[in-house]
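Novice: For the first sequence, position 207 matches number 218 in our numbering, and the numbering has no gaps at all.
Since the hints were made in silico from the structure, they are not lab data. Misleading hints may appear alongside valid ones.
To be verified - The calculated lysine to any residue pairs, modelled on SDA-like cross-linking and capped at a C-alpha distance of 25 Å, are:
#1 Lys357 to Lys268
#2 Lys268 to Gln170
#3 Lys420 to Asp406
#4 Lys535 to Ala525
Just so we're clear, the structure is a prediction, and the values are computed from it rather than from any experiment.
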Amino acid sequence: MHAYRTHKCDELTKEHVGQDVRLSGWIHRIYDLGGVLFIILRDTYGLTQCLVDENSPLLGEINKWRVESVVTIDGKVRARSADTINPKMKTGEIEVYIANVTMQSAAEIIPFQVYEDDGAGEDIRLRYRYLDLRRDGMHKKIRLRNNVISTIRDKMWGQGFQEFQTPILAASSPEGARDYLVPSRLHPGKFYALPQAPQQFKQLLMMSGFDRYFQIAPCFRDEDGRADRLAEFYQLDVEMSFVTQDEVFNTVQPVVKSLFEKFSDFTGEKREVIWCDSIPFKEAMLKYGSDKPDLRNPLEICDVTEVFARDDVSFNAFKGVISKGGVVRAIRAPDVSTMPRSFFDKLNGWAQGEGAAGLGYILFADGEGKGPIAKFVPEAAQEQIKEISGCKDGDAIFFICNQELPAAKFAGAARDAVCSAMDEAGIKTRETGVYKFCWIVDFPMYEFDEKAQKIDFSHNPFSMPQGGMADLEEKDPLDVYAFQYDCVCNGFELASGAIRNHRPEIMEKAFGIAGYGKDVLEDKFGGMLNAMRYGAPPHGGLAFGIDRVIMLLADEPNLREVYAFVMNGQYEDQMMQAPSQIDEELLKDLHIKISMPEKV
RNA sequence: GCGGGUGUAGCUCAGUUGGUUAGAGCGCCGCCCUGUCACGGCGGAGGUCGCGGGUUCAAAUCCCGUCUCUCGCGCCA
């Protein structure tokens, strides 16, 4: 007989009745009824009920065992009597009468329960992650992750891509997020950087003549955390040669769509996968107030600046902002005019909590406009608002006034808040049970950096400007678009990518416009720039945040739920103690001295 | 760096206008129990009320400071 098991904990059925079997696993639950004692034994496959009764000399020993101990049980499979069959268990028709037991590893008292989700806080779950991971829900999510990654590999190879590996000890890049640095012992005073993404390496692979690259790539960024951000995370990194933007979409979209369709019933509810039309960045910012709109929310934003600029409108709070170049954005909320005053007060309170003066609105009911600011907007102007926004009797419209970018962003947040408020008030507004995808396209190449008072890249500096060199030379830089795109799903940015700039002279020009001289370009990106000078194919690609994909499929609110081992929001690992202080000797080897910040 | 929330038993939480012995469920320990599968019954142990200071006859409760975790802003090409 095998040393540990003849069967797994989900295998035994009526067909095995009478057989001598050996099972190993964790003690899931113990029911001690005095003269009879049940042990529910668990492995990753399932549960099996084992028992002893007072005829067994083992009863006195087993009743001292604690849950989560690992044991090996020998016994005979018995059919359960009709009245003791448990239809909720796969093995519920049988039980194992224990003949012999071996305690493999006794468990101390556990800090939280494994058999149920007892609501233990995240900090303690992470500190005892190996216990947390034993729970059924976590087991399922980690297996989902593994299955998603396996499926991605299958589908990408199926599309003619090959999987590459790129350096982890890489060079620091001046753009983007802060780098995690690794000191070099052999080169005192010098550092490697962990890659924020294998961006340059994958482009270099294209220049090396490999046509289709992908990688499940670890990425590292030293910025503050969020529910959907981690210090280290994984991307499905993709790059292709001799392709247009549409070809990238047409190649990747079926992979992602079928991936989601394959796993979209993970939560038990089958979700629809809908790929919506692409949205230009500018339109997304106007209509949704975000470059990652949640298209399940049907509310749209419109611009009503011209209405509040009219001479017959006397709402001075907005007029003052408009005169300084500001805009007024509006969100139509259908069929809310019968909502109680508290509905609007709550949204107003939300806006104030966000740092705004409030959230002005007009109600259209009984053929007239009502609400606090309606009296400043005469009927003709109200008609114009209706025309622009599509408002009709019974609707309300909310207003946001500010300079263009903050107005767009705040309108986006308000669009979400209004939608949630309507859902809470019982007016079902946000769609559920669906993954709504779209591509956001036509990102601007540059933006005006208010802080530095200069023009800078708005996204990826390696993107190809849509008009090539001609656009860079002739157009206002702020009017130049890039072949740059994001893939958005349910309000999350799942992927970002671009057709790259493979022409060194265009690259020089592009960086020049952003104020970076040739010397800076050579210094920071000399390796790749040189590669471009020896024959670079037109190429492009993108990178999907795999963790976010899994988070959406698992319907979890944060990324930590879909990683086996993960750091907390402060990017600390309380289980393994990272980061930690390092021995003086080790630092000496690296020629590093710690200079702590002064505490005030 | 900033803002919101949070912190009471091993875990999840309750705790009134400040009031004398800080509670509950689960878990743990002991005893009882032959059909449980959220077993049941009786009994018990377990607390620096995050930490420090202050107000008060009296503080889990009020005030000040500080720390933790968490959500968001900044940041994340």
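Novice: Does each hint fit the structure? Answer for all of them.
Specialist: Hint-by-hint comparison with the structure:
no.	hint	result
1	Lys357 to Lys268	38 Å, violated
2	Lys268 to Gln170	14 Å, holds
3	Lys420 to Asp406	23 Å, holds
4	Lys535 to Ala525	15 Å, holds
The structure fails to meet hint 1 from the earlier list, while all remaining hints are met.
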